[in-house]
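In UniProt numbering, the protein residues as written are 1 to 550.
Hints were generated in silico from the structure; no laboratory data involved.
Ideal Cβ placement from N, Cα and C applies to all residues, glycine included.
One should not assume that every hint holds.
Computed Cβ-Cβ distance ranges for the label pairs, DEER-style [said to hold, decoys possible]:
no.	residue 1	residue 2	range
1	Gly328	Asn196	17 to 23 Å
2	Lys112	Ile366	27 to 33 Å
3	Leu183	Ile331	31 to 37 Å
4	Ile410	Ile197	50 to 56 Å
5	Val205	Met396	43 to 49 Å
6	Gln230	Asn271	39 to 45 Å
7	Ala381	Gln5	56 to 62 Å
8	Asn438	Arg406	36 to 42 Å
9	Gln5	Ile331	31 to 37 Å
10	Lys217	Ile405	22 to 28 Å
In silico lysine-lysine, DSSO-like type, Cα no more than 30 Å apart, as pairs [said to hold, decoys possible]:
no.	residue 1	residue 2
11	Lys490	Lys535
12	Lys20	Lys524
13	Lys490	Lys502
14	Lys529	Lys502
15	Lys468	Lys524
16	Lys535	Lys502
17	Lys468	Lys370
18	Lys436	Lys535
19	Lys20	Lys195
20	Lys8	Lys314
21	Lys436	Lys529
22	Lys524	Lys497
23	Lys6	Lys314
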Amino acid sequence: MRTEQKVKNYFEESFLSDLKAGLITAVVALPLAIAFAIASGVEPVMGLYTAIIAGMLVSTFGGSRYSISGPTGAMTVIVLSTVNGYGVEGLLLAGVLAGVFQILFGIFRLGKVVKYIPLPVISGFTSGIGIIILIGQLSNVFGLVLPAREHVWETVYDVFTSIDAMNILALSMFAGTIILMLLLPKVLSNIKYLKNIPASIITLVLSVILTYHFDLKIPIVGEIPSIIPQIHMLDINIGLMYAVLPAAFTIALLGTIESLLCAVVCDAMTNTKHNSNKELIGQGIANVILPFFAGIPATAAIARSAVNIREGAKTRMSGVIHALVLLGILIFFGPIAQYIPKAYLAGILVLVSIKMVNVDEIRTTINISKMDTFVLLTTFALTVLTDLVFAIQAGMFLSIILLFIRLTNIIDVQSMEGYDPSEGINATILSDPYLKDNVAVYTINGPFFFGAMAVFENKVDEHIHMSKPHIIIRMRYVPFIDTTGIERLKSFITTRKGTGEKVYLTTVQPEVMRSINSDTVLSKLMQEKDVIVFKSTQEALGYLQEREGN
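Make the full structure from the sequences, and use the hints.
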């Protein structure tokens with residue numbers, strides 16, 4: 001009875017909202033699914049299969065209630081590269097492997113790790129993909145029939161050398177699509193019964209009618225089979241599997257980033273909270289199954305998910321409904337879809353690619369940090385001019401190097417002599433002649449790690465002249481210490497021991513203390529009282545007053 005009541009409550013409270021949202025989202029997804037498939041170098045119907053199956057599976061098993069999955073612009077570049085390198089069978093095999101990677105990401109709870117990828121890397125990467133998509137559509141913009149190329153400069157060269165064969169009708173269709181897509185939302189927003197109709201669907205209908213009725217001689221999508229997805233058994237080839245492994249990992253990583261970013265956007269729009277690891281498992285399940293139904297790798301799509309939310313979706317069933325509507329369109333309207341002009345799809349993709357270049361993020365990065373700007377521009381350039389795998393690797397490597405530089409610049413060693421002599425530690429030292437003549441207090445600020453060692457050495461030479469027998473090192477502002485830091489600390493203590501000086505550590509953070517205790521040499525030094533640890537600097541000063549001052 002409880003299940004029956006839940007079903008009844010759903011149909012009474014949420015079904016109509018989900019039905020409306022799913023229907024509108026499917027209408028928006030239709031041209032995008034076909035466009036992204038063509039841009040990926042595969043048959044148009046494979047884009048529809050992907051949107052149907054991924055939309056249904058991810059909405060069922062994923063961790064975000066409102067995310068809509070399917071083929072996306074971010075995936076087209078790596079998909080096209082894989083198809084060019086290994087054929088469609090190689091792509092399908094890479095899709096299965098990518099799904100396995102994503103499932104493993106979710107099982108090992110790596111979902112939250114993605115948030116640590118720096119914004120300049122993501123922004124440069126997605127902007128680069130946007131430019132690649134835009135350049136890849138130049139042939140369709142001008143109505144040219146050109147082979148798919150691996151590199152953008154080859155595409156630009158082919159278009160430039162073939163521009164004499166430009167199809168004016170195709171260029172006009174492209175321009176008309178852009179104009180209508182930009183103007184219709186403003187016009188329709190003032191018409192009560194039309195404001196919810198997507199501009200893309202009106203433009204699509206007009207372009208198909210014009211192409212069919214006037215028999216326009218422009219490149220079109222071509223035949224789309226009006227059949228449900230059929231099981232497609234893969235040729236499991238170990239050699240091919242090994243060859244596509246890097247591409248599969250890139251697909252998994254890119255899909256993970258985009259899906260979790262989409263989930264975060266959905267959370268912000270709905271004041272909900274997604275389960276990142278469950279979302280990755282859901283995406284992985286979809287990508288493992290898709291290739292067996294001639295589907296290409298899928299990920300959550302921010303634009304379609306936003307439409308789903310804006311149209312009033314209340315549960316994850318809206319994503320399932322969106323998939324079922326697309327299946328119905330495929331079965332009943334497939335023959336009509338063959339007349340969709342490629343120039344219209346080029347208009348849709350050009351607008352998508354422009355939106356992928358986030359000008360606000362780029363402007364903010366440029367205004368805030370030259371180093372982050374360098375990372376962004378380098379990632380962008382490598383994405384456009386080389387390949388996605390290398391671009392991500394290089395962007396992350398540069399970010400890590402710059403992080404080390406920043407952390408290195410943070411560390412500082414300060415003498416207490418620079419502080420107010422009438423307050424706190426200085427007041428205690430100056431009030432006691434013994435402490436004043438025999439104790440030096442220094443504060444380490446920042447992480448004590450290998451990248452900061454050179455700075456620490458210089459600061460030691462600059463500040464610590466070791467003229468006093470008792471050296472107190474305050475470590476309250478040291479958040480962590482690595483192996484190199486431990487070794488440097490041991491060397492510092494044993495060197496001071498050899499010159500008859502003694503080191504005291506105060507206000508040590510728990511994590512740093514655990515690292516110190518785990519080192520056998522430091523533990524022995526502490527047992528032998530060659531270094532003594534105190535909870536506070538005042539406690540250490542009191543100890544020296546009592547033991548040494550007397």
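Hint check results:
no., hint, result
1, Gly328 with Asn196: 17 to 23 Å, "holds (19 Å)"
2, Lys112 with Ile366: 27 to 33 Å, "holds (29 Å)"
3, Leu183 with Ile331: 31 to 37 Å, "holds (33 Å)"
4, Ile410 with Ile197: 50 to 56 Å, "holds (55 Å)"
5, Val205 with Met396: 43 to 49 Å, "holds (44 Å)"
6, Gln230 with Asn271: 39 to 45 Å, "holds (42 Å)"
7, Ala381 with Gln5: 56 to 62 Å, "holds (58 Å)"
8, Asn438 with Arg406: 36 to 42 Å, "holds (37 Å)"
9, Gln5 with Ile331: 31 to 37 Å, "holds (34 Å)"
10, Lys217 with Ile405: 22 to 28 Å, "violated (59 Å)"
11, Lys490 with Lys535, "holds (20 Å)"
12, Lys20 with Lys524, "violated (71 Å)"
13, Lys490 with Lys502, "holds (12 Å)"
14, Lys529 with Lys502, "holds (9 Å)"
15, Lys468 with Lys524, "holds (24 Å)"
16, Lys535 with Lys502, "holds (17 Å)"
17, Lys468 with Lys370, "violated (43 Å)"
18, Lys436 with Lys535, "holds (21 Å)"
19, Lys20 with Lys195, "holds (14 Å)"
20, Lys8 with Lys314, "holds (15 Å)"
21, Lys436 with Lys529, "holds (22 Å)"
22, Lys524 with Lys497, "holds (13 Å)"
23, Lys6 with Lys314, "holds (14 Å)"
Going through the hint list in order, the structure does not satisfy hints 10, 12, 17.
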